[in-house]
Every structure is written in structure tokens, then in C-alpha cells.
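J.: One letter stands for each residue in the lines below.
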Amino acid sequence: MGDSSRPCTVWLGSETGILKGVSVSRRQALNFCHSSQLSRQHEVRTLCWADAAESELLVGGVDGTVKTFSVEKGTFTDVRQCGDPSDGSFVGLATLDGGAALVTCLGGGVLRVWRDESGEPAAEIRVGNDIARMRQNPEHRHKVATGGKENCLKVWDLEKPDKPVFTARNLRNDWLNLRQPHWVMDMAFIPGSDKVVTCTGYHQVHVYDPSTPQRRPVLEATYGEYPLTTLSLPAAGGSVVVGNTHGQIAVLDLRKGLVRGCFKGLSGGVRGLQCHASQPVVASCGLDRFLRIHSLEDRRLQHKVYLKSRLNCLLLASRPLEEAGDDCLEVKEEDDEVWDAMEQVEEGEENPKRKMSEETSVEQENSKNGILKEGENFINEITDGQEEKTPESEEREPPKKQKRRKKAKA
Amino acid sequence: MDIIEVPVTQKGKSKKKKNKIDQSKDAEQPDKMETNDVEVKEEKTEATVAFPPTFSVSEIKNKQRRHLMFMKFKQEKRKQKMELKKQRKRQAKLLGDKAPPKQVPKTIENQRVYDETTVDPEDEEVAFDEATDEFSAYFNGLTNPKVLITTSDRPRGRTVKFCRQLATVIPNAHVYYRRGLALKRIIPQCVARDFTYLIVINEDRKVPNGLVLCHLPEGPTAHFKVSSVRLRKEMKKKGKEPTEHYPEVILNNFTTRLGHSIGRMFAALFPQNPQFVGRQVATFHNQRDFIFFRFHRYIFKNEKKAGIQELGPRFTLKLRTLQKGTFDSKFGEYEWVLKRHEMDACRRKFQL
Chain A
1 MGDSSRPCTV WLGSETGILK GVSVSRRQAL NFCHSSQLSR QHEVRTLCWA DAAESELLVG
61 GVDGTVKTFS VEKGTFTDVR QCGDPSDGSF VGLATLDGGA ALVTCLGGGV LRVWRDESGE
121 PAAEIRVGND IARMRQNPEH RHKVATGGKE NCLKVWDLEK PDKPVFTARN LRNDWLNLRQ
181 PHWVMDMAFI PGSDKVVTCT GYHQVHVYDP STPQRRPVLE ATYGEYPLTT LSLPAAGGSV
241 VVGNTHGQIA VLDLRKGLVR GCFKGLSGGV RGLQCHASQP VVASCGLDRF LRIHSLEDRR
301 LQHKVYLKSR LNCLLLASRP LEEAGDDCLE VKEEDDEVWD AMEQVEEGEE NPKRKMSEET
361 SVEQENSKNG ILKEGENFIN EITDGQEEKT PESEEREPPK KQKRRKKAKA
Chain B
1 MDIIEVPVTQ KGKSKKKKNK IDQSKDAEQP DKMETNDVEV KEEKTEATVA FPPTFSVSEI
61 KNKQRRHLMF MKFKQEKRKQ KMELKKQRKR QAKLLGDKAP PKQVPKTIEN QRVYDETTVD
121 PEDEEVAFDE ATDEFSAYFN GLTNPKVLIT TSDRPRGRTV KFCRQLATVI PNAHVYYRRG
181 LALKRIIPQC VARDFTYLIV INEDRKVPNG LVLCHLPEGP TAHFKVSSVR LRKEMKKKGK
241 EPTEHYPEVI LNNFTTRLGH SIGRMFAALF PQNPQFVGRQ VATFHNQRDF IFFRFHRYIF
301 KNEKKAGIQE LGPRFTLKLR TLQKGTFDSK FGEYEWVLKR HEMDACRRKF QL
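Quick note, the sequences are listed as chains A and B, same order.
Under this note's numbering, the residues of the first sequence are numbered 1 to 410, in order.
Under this note's numbering, the residues of the second sequence are numbered 1 to 352, in order.
These are calculated hints, taken from the structure and not from any lab test.
Mixed in with the good hints, there may be bad ones.
Unchecked claim - Footprint (simulated), chain B over chain A, 3 or more residues, beta carbon under 8 Å:
| id | segment |
| --- | --- |
| 1 | 236-250 |
| 2 | 279-293 |
| 3 | 308-314 |
Unchecked claim - Using 30 Å as the maximum straight-line C-alpha spacing, the simulated BS3-like pairs for lysine-lysine come out as follows:
| id | chain 1 | residue 1 | chain 2 | residue 2 |
| --- | --- | --- | --- | --- |
| 4 | A | Lys-264 | B | Lys-330 |
| 5 | B | Lys-330 | B | Lys-146 |
| 6 | A | Lys-304 | B | Lys-324 |
All values reported here derive from a predicted model rather than from experimental measurement.
Cβ coordinates follow ideal geometry from the N, Cα and C atoms, glycine included.
Whenever a hint applies, use it, and build me the whole structure from the sequences.
T.: See the structure below:
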């Protein structure tokens with residue numbers, strides 16, 4: 001069981017309650033279920049690493065439970081009830097002190113710190129109503145930021161939970177002197193400084209700087225016409241990647257606030273977006289049931305994986321996505337043999353098909369009880385289709401050529 | 001008058017015509033001036049037709065002659081094609097069973113690029129997804145469809161007639177005049193009155209051109225482009241009016257995951273127990289991402305034959321967006337959006 005989960009470098013949570021692990025180098029997607037019965041109650045809302053070594057995952061479900069999944073063992077090891085579903089679902093999950101404490105935030109506005117497996121939270125903060133997201137500062141792990149609809153960005157220090165360290169102010173009234181509506185959907189801490197980037201439901205991206213006395217955004221940028229749902233900071237810095245509900249993902253420059261470029265391919269709303277910690281690669285998932293991995297430099301699609309349920313959230317491992325190794329080469333060699341065995345007719349067509357055949361064979365694995373069997377091998381199906389086509393197209397070509405020559409003569 | 005003969009064997013396929021000026025590259029003919037008076041009676045036996053290899057029909061400047069040459073050329077081609085066909089037939093007859101298999105012509109449908117989202121009937125995850133989605137209440141028999149049909153503001157005659165005919169086709173449908181009300185305010189009222197579907201027909205220049213189909217409790221909203229609307233009076237050989245019986249529903253060719261969702265949306269418009277007494281059937285046929293709607297009445301003439309009669313309106317739909325949640329075009333989350341420049345680039349790739 002652990003063998004299947006260890007090479008997975010991308011983890012996704014879906015609406016059907018299945019945790020999916022994707023191994024990009026092996027081109028496999030695996031399903032991990034907590035119980036044998038799938039249920040919408042277990043819809044996964046947030047994912048986060050339980051510790052710095054990334055050996056365990058914390059999965060937050062819609063029913064208020066936080067499950068621990070061990071990557072080494074490949075099974076769910078622990079379940080905790082952390083909150084009422086009536087308070088809203090999880091909007092943020094984080095760990096403190098190397099995994100000893102768990103910070104959860106619900107949409108209703110309650111932020112709780114849980115320690116030591118007890119049923120009662122160690123600390124509870126009312127963060128406001130209607131929270132859309134809570135994120136933790138990766139450098140100062142006791143600082144978290146929250147924001148939501150009509151709820152400005154607030155940065156809290158968990159050691160001093162009475163008042164937020166920084167509360168943002170709404171933008172100035174517009175040219176008609178009307179109050180501007182405000183809807184923070186996602187935020188991120190810029191490493192190396194205190195600044196926070198947020199994206200809003202009114203297609204704006206704001207940068208706040210708590211070290212300055214200005215509580216209004218330092219930088220404002222807009223993109224598109226639809227609410228921006230997620231954002232992520234690439235490792236290289238100076239830019240931010242945002243995604244909106246229409247399936248458009250763009251890279252914005254943080255120095256001037258201009259759009260650097262867009263990532264094509266998504267057809268549904270973006271729900272999860274993350275840039276890799278070291279490689280210039282960004283992974284995105286959304287309502288169109290696909291995981292896409294784009295390269296940040298040339299903005300091309302590198303991998304596309306079909307995962308049959310709508311995807312809610314995404315988590316990347318820190319190690320390189322494609323582990324160079326024998327697995328990778330073996331698969332490529334097999335493919336080469338298959339391609340060489342077939343007659344080469346139209347070379348132009350082969351390459352795009354090869355890119356599509358980089359996808360998955362999906363295997364469903366059940367962690368506790370029996371094994372739900374399924375093996376779909378898309379690669380085989382695609383090659384079969386090609387083989388049938390090529391002899392036909394060969395037959396067509398000679399008569400065509402003859403006819404052309406005759407036309408010239410006559 | 002000078003009578004200058006032009007030898008038959010030289011370049012030129014002429015047909016009861018005066019001298020043609022050949023646009024041939026080799027100026028062997030010194031007499032290019034004799035365009036007029038000479039009538040060259042040439043027989044039709046163009047046995048030695050020796051065109052220079054670089055001649056093409058399009059180089060003849062005279063339109064009539066060019067046309068005639070082209071017609072001849074086409075006839076030649078057709079003759080050759082028929083000969084080839086005959087040869088093939090003869091061979092097939094001779095060889096009998098060992099004949100090469102009949103060649104299947106390439107159509108866009110059989111060249112369709114394989115879509116990885118095609119639903120496998122045995123897939124459990126997809127089956128679970130479908131069993132618990134927004135239509136599960138309908139498919140488990142818990143709710144009966146009740147449809148509200150309305151239009152965009154101030155509809156014109158054709159759209160109004162279309163709405164009324166749609167209401168006869170869909171059982172338990174009510175048509176209401178829009179009166180400039182906002183959809184986001186209509187929706188909670190519909191939910192309170194137990195409606196399950198809201199159909200809004202958008203009109204442009206007196207012709208219906210869009211359809212918003214919103215599943216009510218919380219369901220997905222699909223926005224379609226409507227084209228080719230034919231009302232009942234424009235139908236040839238139409239039958240009597242559709243009766244109140246519940247029709248049967250046929251959904252053709254919805255193979256991908258997106259296609260499945262849309263197919264279920266259409267299926268949930270009609271009550272689940274079709275009344276076979278009424279012999280009426282509504283068909284949603286998907287081909288190349290266009291959904292064709294037809295409404296027929298059938299009758300079994302004998303065991304092998306059935307006759308059909310088309311009643312009711314006929315229209316084609318093309319899906320533009322599928323949005324999760326009820327109608328909210330600005331802030332709603334889209335599950336699928338048609339992006340023409342990305343998706344329509346390949347002629348053989350379809351989404352539904």
C-alpha cells in the first residue's frame with residue numbers, strides 16, 4: 001500500500017470524498033478512500049502537510065472531520081472531529097510546532113487551535129463572519145491571515161489571540177463616492193518580508209504591507225471580469241499566479257501590476273492552484289475534473305490528467321515532480337517500440353497524440369476493505385485507434401497521387 | 001478572305017469553335033492573328049490530345065470556353081472514376097470471399113479524436129458521482145418535474161409562439177411573461193413554489209437565439225445557443241397537436257462526462273413514467289456538439305415497420321457554458337465554458 005502512495009508527488013481532494021495521489025513520472029493516478037462507502041459527506045475541502053518531512057497529510061472534510069493520511073503507509077491513520085458542519089466548512093488548515101498543534105478555520109468565522117488529541121480546542125478566536133480562506137505564513141508559523149466576503153484581510157498572531165496584528169482597510173470610495181465592495185478570496189504571504197497578497201471576488205489583486213502605516217493596499221492589479229478564486233506565489237518571486245471561475249489562469253507581475261501571460265487549457269473554474277517550491281512549474285485543478293501542470297517559463301502545458309470527480313484542493317510535494325529514474329525511461333521505451341512497430345504515415349499527427357497519451361491509467365485502491373478493481377489503460381486504446389487508421393490512410397494516398405498526375409497531363 | 005487551315009493534331013481541344021488562341025508556351029503557331037473568320041471543322045475525335053504539360057484550364061481567359069473545357073475535364077474524371085469502380089466490382093465478384101474489404105469513407109464522426117473523459121459504464125467513481133449529484137432527487141423518483149418557461153424582456157411573436165409550443169411538448173410546463181423581472185429574484189420564488197426547472201428563452205431581433213436552462217433547487221445552469229427554430233406551422237406533413245400524454249425521451253450520443261451531465265439535465269425535464277399510450281417521443285440527438293431536438297409521434301404499422309410523424313417545434317442547441325449553482329453569470333463558478341479559440345481549433349475534437 002505504501003508503495004503506491006510513496007511516489008505520488010501531487011495530492012488532490014475531490015468532491016466525492018476521494019483523496020487522489022498522482023505520480024507524474026509514472027503517469028498514474030491513484031484513489032485513496034477512507035471507507036468503502038463513498039459519500040458526499042466526506043467531500044474534501046482542504047489539504048495540508050502534517051509535518052515538514054511531508055510524510056503525513058491532513059485532510060479536512062465537509063463534515064468537520066480532519067483525517068490523517070500517512071504517505072508511508074498509504075492509509076488513513078487518524079480521524080478527529082474538529083468543528084460543527086453548521087458553522088461552515090473548512091477554509092484553512094495548518095499545523096504548528098512541527099505537527100503538535102492543529103489550526104483549523106471554518107467558514108462561519110471560528111479559528112481554533114487544537115492540541116494533544118483533546119476534544120476541546122486550546123484556543124479559539126472569532127475571526128469575523130463569512131471567511132473564504134485562512135493561510136499560514138510559512139516563515140513565521142504562528143501568524144495566520146484570514147479574509148472573506150465583506151471581511152477584510154486580518155493577520156493574526158496565535159500567541160496573542162486577542163487582536164489581529166494587522167487589519168486591512170477597504171479601498172477608498174470610488175469616483176461616485178460609493179463604498180467599494182470587498183471580497184477576499186485567497187491570500188499568500190510573500191517570503192522575505194511581511195507583505196501579503198490577496199485576490200478578490202471583484203477580479204482585483206491587492207498587496208498589503210503591514211510594516212507601513214498604510215492599511216490600504218500598496219498595489220492593486222486587475223485581471224479579467226470574473227472572481228479570482230485562488231492564487232499562488234512562484235518560487236522565483238516578483239509575480240503571482242491567479243485563477244478565476246471561468247477557467248483562466250494568469251501570471252501577474254507584482255512590480256507594476258501587469259499581466260505577464262495566461263495559461264491555456266482549463267475549461268472550468270479553478271479551485272486549486274499551487275506553484276512548485278523549487279521547479280518552475282504550476283499545478284492547477286478545478287471543476288473540469290482535470291489536473292494540469294504548466295511550466296512557468298514558456299507557459300506550456302506539460303501534463304494533463306483526467307480524474308473523474310470535481311477537484312477541490314491540491315497539494316504538491318516539495319520534492320521534484322518527475323523523479324528521474326528507471327520508471328520514467330522504461331515507460332518511454334515501451335512507447336517507442338509501439339510507435340516504431342506501426343507504419344509511419346503522417347508524422348505531423350503523431351506528436352500531438354503522443355502528448356495526450358501521457359495520461360493516466362487510473363487504479364482505484366481501497367485502504368481498508370476489499371479492492372475495488374479497475375484498470376483503464378488509455379495508452380493502449382489510443383495506440384489501437386492509430387493502428388486502425390494508418391493502413392486506411394495509406395491506401396488512400398496512392399490513388400490520390402495518381403489522380404493528380406492525370407489532371408496535369410490532360 | 002484568307003482561309004488558313006489549322007492542323008488538327010496541334011494543341012487545342014476545340015469543339016465546333018472558331019480558332020482558339022492557345023495560351024501555350026511554345027509559340028509554334030505563327031498565326032495568332034486568325035481569331036475570326038475561319039471556321040475549322042474539326043471532328044470530335046480528339047484522339048491525340050497533346051497539351052503541353054504546363055497548361056491548365058484556368059489559363060484560358062474566355063469564360064465560356066474555359067467553362068466548357070472544365071466541364072469536359074470533369075466528365076473525363078467521372079468516367080475514370082466509374083471505370084475504377086467497375087473494375088473494383090468486377091474484382092470483388094471474381095475473388096468472392098477473398099476480396100479486399102470495402103473501403104469505408106472517412107467522416108468527421110469516425111475520425112473523432114478519442115476523448116479521455118468518455119464515460120465507461122462500469123466506472124464506479126463516475127457512477128457514484130452521478131448518483132449523488134444535483135439530479136439524484138429526480139432520478140430516485142422523489143420529485144416531479146415542474147417547468148417554468150419565460151423569455152427575455154418584451155418578446156416578439158415568434159418567440160412567444162415558440163414558448164407556447166414548448167409548453168405543449170414538455171409536460172407540466174407553465175409559460176409566464178417576463179415583465180422585466182430579474183432572474184435572481186425569480187429563482188427563490190420558483191423554489192418556493194416547487195418548480196424544478198427554469199427555462200429562459202433569449203430573443204434577438206425577433207428570433208429566439210439563446211436558452212438558459214436552470215435546474216432549480218441548487219442545480220447547474222446551462223446556457224445554450226439556439227438556432228434553426230421551426231415552429232409547428234412550418235413543418236411539412238405535421239400531425240395534430242401534441243396531446244397531454246408524457247412523451248418518451250431519447251438521448252443520443254452523449255458519451256463524455258460533460259455529455260452525461262447535459263443528457264441528465266434534459267432527461268430530468270420530463271416525468272419519469274412515459275405514457276406509451278400517447279406514442280409520443282422527444283429526441284435529443286447530439287452530433288458534433290450540436291444537440292438536435294425533435295418531437296415525433298410514432299405508430300407501429302406491422303412488426304417490422306413503424307411510421308413517424310413529426311409534430312412540435314424543432315430546434316438545435318449548442319452548449320456555451322455550464323455553471324454550477326443557480327443562475328449567476330457574474331459570480332457563479334463555471335464547470336465548463338466554451339472557449340472557441342482553444343476548443344474549436346481541432347475539427348475532429350468534440351466535447352459532448
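J.: Does the alpha-carbon distance linking Lys-264/A and Lys-330/B stay inside the 30 Å limit?
T.: Since the Cα atoms of Lys-264/A and Lys-330/B sit roughly 21 Å apart, the hinted pair holds (cutoff 30 Å).
J.: Taking beta carbons only, do three or more residues of the segment 236-250 of chain A come closer than 8 Å to chain B?
T.: Holds, because 3 residues of the segment 236-250 of chain A bring their Cβ atoms closer than 8 Å to Cβ atoms of chain B.
J.: When you check the alpha-carbon spacing of Lys-304/A and Lys-324/B, does it fall within 30 Å?
T.: It holds: about 23 Å lies between the C-alpha atoms, which stays within 30 Å.
J.: Verify the proposed pairing of Lys-330/B with Lys-146/B, using a straight-line Cα cut of 30 Å.
T.: 27 Å, holds
J.: Between the segment 279-293 of chain A and chain B, are there enough contacts, at least three residues with CB-CB distance under 8 Å, for the coverage claim to hold?
T.: Result for this restraint: holds, n = 3.
J.: Taking 8 Å as the Cβ threshold, is the statement that the segment 308-314 of chain A is covered by chain B upheld or broken by the three-residue rule?
T.: holds (count 3)
Of the numbered hints stated above, none is contradicted by the structure.
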